[in-house]
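S.K.: With the hints as extra help, turn the sequences into a complete structure.
If you read the sequences in order, they're chains U and Z. Count along the first sequence from 1, add 1197, and you get the number used in the working numbering. Count along the second sequence from 1, add 678, and you get the number used in the working numbering.
Among the hints, erroneous ones may be present.
Pair by pair, the computed Cβ-Cβ distance ranges are [what the hints assert, rightly or not]: (1) U/Phe1292 with Z/Asp919: 56 to 62 Å; (2) U/Leu1268 with Z/Ser810: 58 to 64 Å; (3) Z/Gln787 with U/Ala1287: 49 to 55 Å; (4) Z/Asn887 with U/Val1441: 39 to 45 Å; (5) U/Leu1219 with Z/Asn806: 43 to 49 Å; (6) U/Ala1287 with Z/Thr989: 29 to 35 Å; (7) Z/Cys701 with U/His1445: 40 to 46 Å; (8) Z/Ser810 with U/Ile1397: 51 to 57 Å; (9) U/Ala1348 with Z/Ile1015: 52 to 58 Å; (10) Z/Arg789 with U/Ala1280: 39 to 45 Å.
No lab work stands behind these hints, which were simulated from the structure alone. By construction, the Cβ of each residue, glycine as well, lies at the ideal position given by its N, Cα and C atoms.
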Amino acid sequence: MKRWIGISWVSCVFAFLYGPLLVLMVFSFNQARYTSAWQGFSFTWYASLLENQHLLDAFVNSLTVAFVSSLAATAMGTLGAFAVAWYRFAGKQLFFGLVYSVMMSPDIVMGISLLMLFVTAGIHPGFFTLLVAHITFCLPFVIVLVHARIAGFDPAVVDAARDLGAREHEVFFKIVFPMILPAVLAGWLLSFTLSLDDVIISFFVTGPGFEILPLKIYSMVKLGVTPEVNALCTILFVLTLAAVLVAHFLIKEKKK
Amino acid sequence: MPVVCLNNISKSFGSQKVIDNLCLDIFKGEFLTLLGPSGCGKTTVLRLIAGLETCDSGTILINGRDQSRLPACDRDVNTVFQSYALFPHMNVFNNIAFGLKLKKIPARQIRDRVMETLALVKLEGMDNRPISRLSGGQQQRVAIARAIVNQPLILLLDEPLSALDYKLRKQMRLDLRHLHQKLGITFVFVTHDQEEALTLSDRVVVMHNGSIQQTGSPKEIYETPVNLFVANFVGESNIFDARVTSTMGPDIEIQIQGISKTVQNRRGFKKDQAVKVLLRPEDMTVERTKDQCPKGFLPGQVKEMIYKGTTVDLIIRLDNGQDIFVTEFFNEDDQDIFYDVNERVCVSWIKGWEVTLPYE
Chain U
1198 MKRWIGISWV SCVFAFLYGP LLVLMVFSFN QARYTSAWQG FSFTWYASLL ENQHLLDAFV
1258 NSLTVAFVSS LAATAMGTLG AFAVAWYRFA GKQLFFGLVY SVMMSPDIVM GISLLMLFVT
1318 AGIHPGFFTL LVAHITFCLP FVIVLVHARI AGFDPAVVDA ARDLGAREHE VFFKIVFPMI
1378 LPAVLAGWLL SFTLSLDDVI ISFFVTGPGF EILPLKIYSM VKLGVTPEVN ALCTILFVLT
1438 LAAVLVAHFL IKEKKK
Chain Z
679 MPVVCLNNIS KSFGSQKVID NLCLDIFKGE FLTLLGPSGC GKTTVLRLIA GLETCDSGTI
739 LINGRDQSRL PACDRDVNTV FQSYALFPHM NVFNNIAFGL KLKKIPARQI RDRVMETLAL
799 VKLEGMDNRP ISRLSGGQQQ RVAIARAIVN QPLILLLDEP LSALDYKLRK QMRLDLRHLH
859 QKLGITFVFV THDQEEALTL SDRVVVMHNG SIQQTGSPKE IYETPVNLFV ANFVGESNIF
919 DARVTSTMGP DIEIQIQGIS KTVQNRRGFK KDQAVKVLLR PEDMTVERTK DQCPKGFLPG
979 QVKEMIYKGT TVDLIIRLDN GQDIFVTEFF NEDDQDIFYD VNERVCVSWI KGWEVTLPYE
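M.R.: Below, the structure is given as structure tokens:
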């Protein structure tokens, strides 16, 4: 009896969490345009997505921003993680604290503050501002992930490599980099997904000349949820899920 | 010519002086141990020889050449680290081959040398294992193999046995000795464990506060410590305050707790000088007494008796209140070494077994 209550409770929770997603994905294959009744399986909406030039442009823009910002955030964040893990400098604790505070600050606050920064600096909103904003909110995740990895390995391995005849660049490329690589890749994928599906911060910092996918979807939904949006969301969901799964796998591997 | 000469080296970390004007020669093929409590600078000496630290002043000659400023990667010295510091992203083979690969040795030769070394440390067939699937003892062996495969001039070992359990440690001690005999490489071993130092070394260097207290064979260190620090750090000691009452040729007469004793005068003590007399627990003799102790014996009372299988340890409170530690061995002449708690006893030693040091 108790077991059945447990199982039904868990099913309720899962239904609540994943039901809507499932419905969205199923209806992206529905032939009907307006009704919510099933009228047969089709790829119509996926095909029509491919013909919508505005959407495709937005998608390419999104991918560009996600790719460049995640790459930049990964490079900067990795260096930052080394700074925190290996060097002693004034204000180190403060720096690390600030990293966490950026990670936890509400998106809306960050969006508005970045907007104010760009306006004050007289920079026109567009690709550049969006890029800077995305790098900013991805950076802490990379720092925290890579830092955990660096802190987790014995610093004596660097001494050991030197002792065995490795020069500085050999120590880095043969020892340190391979050891932190899983965390760097995980940080990069995480940044990529964060950037790809960000709405709130992007809403404040991008201009009319540079449209990205999540914002495009947002504006489309104002006119009602079309099967096209369903299809688009399904694609985004699959992309994000894949990236997160790979990142998760990479982080988990380090604990072994 | 010594293989390593440390000439007046000093090293500070911030305002703290870790090595203070230290001089030490290490000879080819010897097993030298740096022994001292934690924080005495022994590991720093090792890191200075390895080139992982540079000294503030003084010179380090390796094989007759001044290498004080040479980086670690260019020195013909390899280290076994306390934490092993194995590369977790490589398997056993690649860990051991790391140094050889950097030297651009042909792959076939690397393979042969790694396999040979694996056999030497008794890890045949483990070459494909990932590091994470090795036990502590196996990791230890890989760390040693990774260092000796390079055939260094000197092998430095930084407390390599401290992370192992007691039984494994004893086994590794023997293995290290055999390895040293087989390879003929100079071993410099750092430890805070006096038993390890005494059983392994040809020569022991006792360090304290960044300077050398005494250098000598294990026997010299144990039997004739040059100061109270060495006496206390290496083994157990009973220390008596005494005063010289007269000198008589090679001997002196001293007064300990109101009792007169004759001891050897090895350091030119003068009349009325205050001295410390050191005795190892196993060098003391205990007699039962009915009433008065014979001449030259210190009276006391058994406080505790600890049976240890091969020995019996006694804690005896002398009549002046000092507690001393005495070890009695089982032997055929004297089967009866069990004492009752609170039994009255007399304690003495054979002349010449004591070490007399100036008062400090």
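S.K.: Would you mind marking each hint as holding or not holding in the structure?
M.R.: Verification of the hints:
{"no.": "1", "hint": "U/Phe1292 with Z/Asp919: 56 to 62 Å", "verdict": "holds (58 Å)"}
{"no.": "2", "hint": "U/Leu1268 with Z/Ser810: 58 to 64 Å", "verdict": "violated (31 Å)"}
{"no.": "3", "hint": "Z/Gln787 with U/Ala1287: 49 to 55 Å", "verdict": "holds (50 Å)"}
{"no.": "4", "hint": "Z/Asn887 with U/Val1441: 39 to 45 Å", "verdict": "violated (56 Å)"}
{"no.": "5", "hint": "U/Leu1219 with Z/Asn806: 43 to 49 Å", "verdict": "holds (45 Å)"}
{"no.": "6", "hint": "U/Ala1287 with Z/Thr989: 29 to 35 Å", "verdict": "violated (58 Å)"}
{"no.": "7", "hint": "Z/Cys701 with U/His1445: 40 to 46 Å", "verdict": "violated (57 Å)"}
{"no.": "8", "hint": "Z/Ser810 with U/Ile1397: 51 to 57 Å", "verdict": "violated (42 Å)"}
{"no.": "9", "hint": "U/Ala1348 with Z/Ile1015: 52 to 58 Å", "verdict": "holds (56 Å)"}
{"no.": "10", "hint": "Z/Arg789 with U/Ala1280: 39 to 45 Å", "verdict": "holds (40 Å)"}
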